[in-house]
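Listed in order, the protein sequences are those of chains A and B.
Using this note's numbering, the first residue of the first sequence is number 1, and each one after it goes up by one.
Using this note's numbering, the first residue of the second sequence is number 1, and each one after it goes up by one.
Simulated from the structure, these hints should not be mistaken for lab results.
There could be a bad hint or two in this list.
Since the list gives no way to pick out one identical chain from another, each pair is judged satisfied if it fits inside one copy or across any two copies.
[What the hints assert, rightly or not] Mimicking SDA-like on lysine to any residue, the simulated pairs with C-alpha atoms at most 20 angstroms apart in a straight line are:
| no. | residue 1 | residue 2 |
| --- | --- | --- |
| 1 | Lys350 | Pro238 |
| 2 | Lys158 | Ala249 |
| 3 | Lys158 | Val245 |
| 4 | Lys158 | Ala319 |
| 5 | Lys158 | Ala115 |
| 6 | Lys158 | Ala93 |
| 7 | Lys350 | Ser66 |
| 8 | Lys158 | Gly293 |
| 9 | Lys158 | Leu84 |
| 10 | Lys158 | Phe187 |
| 11 | Lys158 | Arg213 |
| 12 | Lys350 | Pro231 |
| 13 | Lys350 | Arg213 |
| 14 | Lys350 | Pro89 |
| 15 | Lys158 | Arg314 |
| 16 | Lys350 | Ser56 |
| 17 | Lys158 | His262 |
| 18 | Lys350 | Thr31 |
| 19 | Lys350 | Glu92 |
| 20 | Lys350 | Ala181 |
| 21 | Lys350 | Gln257 |
Number of protein chains: 2
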Amino acid sequence: MAQQHLDPPTGPSAGTAPTVPAPLGREGSPTGDALAGYLRAQAAEFLRSLRRHRESGGAAAGTGESGDAARSLRRSARRISGSLHTFRPLLEADWSEAMRPELAWLSGTLAGEHAYAARLERLLGALNRLSGTAALPLQAGSAPAAAPKGNLTVGAAKAGALLDRQLTLARTRAHSAALQALGSSRFHAVADSVAVLASEVPLAPAADGADLRPLATAAQDRLSDAVAALPLVTAGHPYNAEALVHGLAADAVPQPQDAPWHQVRLLLRLHRYAVEVLHRGECPVDGRLLGAGRALDRHRDAAEAASAAAAAARTPRIAPATAYALGVLHADQRHEVEAARFAFQQAWQKEAVPTP
Amino acid sequence: MAQQHLDPPTGPSAGTAPTVPAPLGREGSPTGDALAGYLRAQAAEFLRSLRRHRESGGAAAGTGESGDAARSLRRSARRISGSLHTFRPLLEADWSEAMRPELAWLSGTLAGEHAYAARLERLLGALNRLSGTAALPLQAGSAPAAAPKGNLTVGAAKAGALLDRQLTLARTRAHSAALQALGSSRFHAVADSVAVLASEVPLAPAADGADLRPLATAAQDRLSDAVAALPLVTAGHPYNAEALVHGLAADAVPQPQDAPWHQVRLLLRLHRYAVEVLHRGECPVDGRLLGAGRALDRHRDAAEAASAAAAAARTPRIAPATAYALGVLHADQRHEVEAARFAFQQAWQKEAVPTP
Chain A
1 MAQQHLDPPT
11 GPSAGTAPTV
21 PAPLGREGSP
31 TGDALAGYLR
41 AQAAEFLRSL
51 RRHRESGGAA
61 AGTGESGDAA
71 RSLRRSARRI
81 SGSLHTFRPL
91 LEADWSEAMR
101 PELAWLSGTL
111 AGEHAYAARL
121 ERLLGALNRL
131 SGTAALPLQA
141 GSAPAAAPKG
151 NLTVGAAKAG
161 ALLDRQLTLA
171 RTRAHSAALQ
181 ALGSSRFHAV
191 ADSVAVLASE
201 VPLAPAADGA
211 DLRPLATAAQ
221 DRLSDAVAAL
231 PLVTAGHPYN
241 AEALVHGLAA
251 DAVPQPQDAP
261 WHQVRLLLRL
271 HRYAVEVLHR
281 GECPVDGRLL
291 GAGRALDRHR
301 DAAEAASAAA
311 AAARTPRIAP
321 ATAYALGVLH
331 ADQRHEVEAA
341 RFAFQQAWQK
351 EAVPTP
Chain B
1 MAQQHLDPPT
11 GPSAGTAPTV
21 PAPLGREGSP
31 TGDALAGYLR
41 AQAAEFLRSL
51 RRHRESGGAA
61 AGTGESGDAA
71 RSLRRSARRI
81 SGSLHTFRPL
91 LEADWSEAMR
101 PELAWLSGTL
111 AGEHAYAARL
121 ERLLGALNRL
131 SGTAALPLQA
141 GSAPAAAPKG
151 NLTVGAAKAG
161 ALLDRQLTLA
171 RTRAHSAALQ
181 ALGSSRFHAV
191 ADSVAVLASE
201 VPLAPAADGA
211 DLRPLATAAQ
221 DRLSDAVAAL
231 PLVTAGHPYN
241 AEALVHGLAA
251 DAVPQPQDAP
261 WHQVRLLLRL
271 HRYAVEVLHR
281 GECPVDGRLL
291 GAGRALDRHR
301 DAAEAASAAA
311 AAARTPRIAP
321 ATAYALGVLH
331 ADQRHEVEAA
341 RFAFQQAWQK
351 EAVPTP
């Protein structure tokens, strides 16, 4: 059965944009069948992406076919995993609980290479902006000698070269780890489970005719509660200088103040997937949630870039000018974190569009 | 005549809060006499502050009597100098043009000690905030050994100690320079000129019955033109990241982008003094201008603090952790610069209260 997942089922439920309306329950609400349809479609998409990825050589990042396939694979894995979580009571418990950590492992492993590449790009872009060199002397793999003279600019160039070395190494390791993972028996077991899902979703007896909406509403409530606990009043005051508080504290990487925002990012994603399940095939685009989600992605990316700059500054025997540039860069990215919180607050305070 | 300035004239025009209404011209507008009255009052205040300053020991900074007197002395010197500038055509040209640079020299010399003290306080405050240590391990003169463990925190403590050393040295030099200046024959010549001013203002023949308002309006127009040339649309978008552009460029200290804002700060001050001349004794408080002025003071202070952090980072043989902390601090203060521009934009866009 190890090869079965390379041949996804064809038919209406396997399309990239499922257009079959969700089956409706007694009061016209979507039922377990809608969930099954959504999971089948995502599983098929997963298997299709996996085949594309193998055929294109297996890199997990970049703009080519292989990178696209890896992104698409992660996208489906997230949606399957998220739906298993939100609609847990409607699915066979043992199977569902065994599958989620495996999907998380897979997406995590595949995400690394892309994440390091994106982080390096963000940091080099910021260094170029901070050096006032829009015409990019700093790119991945560039030599610091190419930069203009001057103590601080040499610092920026050296900082860029250091980050390039460290993040390229991390990226290469992530690439190897992903390739190794894709060849492992653990991966084949996940792929087999997804292949099962693509043809037959293991619903629990409770799913028969059950209304999906209470579970989707519970996901939305978890999101609302988590947002309510965020310091949004502070975030709504520009230049509140919160994100850099503790920026020089000894235990500041990663910053504990970021955790609730990262959590909201995950809950927002779960909410979005739940809405997708309910509106299968005709999911309305909610600009407010989209804007909020983008702000939280930026929040996460900037927070991780700031940590990478701080980590690079702890490299032994670096020049003071390099360390100085990394300090400026760290603070710059922490202000990006603050800016992202402001953007989230602005997006969120727009009037909510009622979902389900 | 060298001692004359220690005995200011008494009478209505010498009070700290002149209450004599401005003499009115043909159309009820203030004339050269109002200017003379304002200058006499400021000159008297200057002489009174000078006497207080000498009696209290002669420090130019601090919260004590001596610091208050120095601030008050600079305050009067700025007002005299500003009024000489704005109402130049109404004053005896040779005298007025000889006096302004001398007043500027005096205020500049007296301002140094206070400026270095305030800059150090601002930078140590920021380091404490960035270290998450509200309970201040860093104060002027504190030893880095007092700070808690951890690479970055040691960096912050060392950065604080370095700034403390450098700015305290600069402050001490400024103090000596101020004391030396106050004992110099150049200073006695300025004080003598101010003493003349306190009893008899050298008005030009053109001042007789001349309306002050066109000259005050010209000062306001210079302010409006300079504000119109500021990038206020950008400044009004929070987190525009403008202030830190070129933050790592080789030629970035001081930042050329700051100059137009510093210029507006000076023009705003000249405008305010001109309004004081017109409304002598019953000057209305304009909250909008006050807010705008405070934002520009903060802009100047943060810009100079950022420069001081960058300059400290160029000290030879500092530890990388120290340089890193100074980089974070520099970026933090440049964001304060950006925040101050935003605050100015917010204050300025409030509806203008028509003056004269």
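Do the hints match the structure? See the list:
1. In this assembly of identical chains, the alpha carbons of lysine 350 and proline 238 lie at most 20 angstroms apart whether taken from the same copy (17 angstroms) or from different copies (18 angstroms).
2. For a Cα distance limit of 20 angstroms, the shortest separation of lysine 158 from alanine 249 across copies, 13 angstroms, qualifies, whereas the shortest one inside one copy, 24 angstroms, does not.
3. In this assembly of identical chains, lysine 158 and valine 245 lie within 20 angstroms of each other by CA distance solely across copies; the values are 18 angstroms between and 27 angstroms within a copy.
4. Taking CA atoms no more than 20 angstroms apart as the test, lysine 158 paired with alanine 319 passes in both settings, with 9 angstroms inside one copy and 16 angstroms between copies.
5. Taking CA atoms no more than 20 angstroms apart as the test, lysine 158 paired with alanine 115 passes in neither setting, with 22 angstroms inside one copy and 34 angstroms between copies.
6. Taking identical chains as interchangeable, the C-alpha atoms of lysine 158 and alanine 93 are never at most 20 angstroms apart, the minima being 53 angstroms within one chain and 57 angstroms between chains.
7. For a Cα distance limit of 20 angstroms, the shortest separation of lysine 350 from serine 66 qualifies neither inside one copy, at 38 angstroms, nor across copies, at 54 angstroms.
8. Within a single copy, lysine 158 and glycine 293 get their C-alpha atoms no closer than 34 angstroms, and across copies no closer than 40 angstroms, so neither meets the 20 angstroms cut-off.
9. For a Cα distance limit of 20 angstroms, the shortest separation of lysine 158 from leucine 84 qualifies neither inside one copy, at 46 angstroms, nor across copies, at 52 angstroms.
10. For a Cα distance limit of 20 angstroms, the shortest separation of lysine 158 from phenylalanine 187 qualifies neither inside one copy, at 40 angstroms, nor across copies, at 50 angstroms.
11. For the identical chains of this complex, lysine 158 and arginine 213 are neighbours neither inside a copy (55 angstroms) nor across copies (58 angstroms), given an alpha-carbon limit of 20 angstroms.
12. In this assembly of identical chains, the alpha carbons of lysine 350 and proline 231 lie at most 20 angstroms apart only when taken from the same copy (17 angstroms versus 28 angstroms across copies).
13. In this assembly of identical chains, lysine 350 and arginine 213 lie within 20 angstroms of each other by CA distance neither inside one copy nor across copies; the values are 24 angstroms within and 48 angstroms between.
14. Taking CA atoms no more than 20 angstroms apart as the test, lysine 350 paired with proline 89 passes in neither setting, with 33 angstroms inside one copy and 56 angstroms between copies.
15. Within a single copy, lysine 158 and arginine 314 get their C-alpha atoms as close as 14 angstroms, and across copies as close as 16 angstroms, so both meet the 20 angstroms cut-off.
16. In this assembly of identical chains, lysine 350 and serine 56 lie within 20 angstroms of each other by CA distance neither inside one copy nor across copies; the values are 43 angstroms within and 59 angstroms between.
17. In this assembly of identical chains, the alpha carbons of lysine 158 and histidine 262 never lie at most 20 angstroms apart, being 31 angstroms within a copy and 33 angstroms across copies at closest.
18. For the identical chains of this complex, lysine 350 and threonine 31 are neighbours neither inside a copy (31 angstroms) nor across copies (55 angstroms), given an alpha-carbon limit of 20 angstroms.
19. Taking the closest pair of Cα atoms, lysine 350 and glutamate 92 never come within 20 angstroms of each other, the shortest separation being 39 angstroms inside a single copy and 62 angstroms across copies.
20. In this assembly of identical chains, lysine 350 and alanine 181 lie within 20 angstroms of each other by CA distance neither inside one copy nor across copies; the values are 43 angstroms within and 60 angstroms between.
21. Taking the shortest alpha-carbon separations for lysine 350 and glutamine 257, neither the intra-copy value of 24 angstroms nor the inter-copy value of 35 angstroms comes in at or below 20 angstroms.
Checked against the numbered hints listed earlier, the structure breaks hints 5, 6, 7, 8, 9, 10, 11, 13, 14, 16, 17, 18, 19, 20 and 21; every other hint is satisfied.
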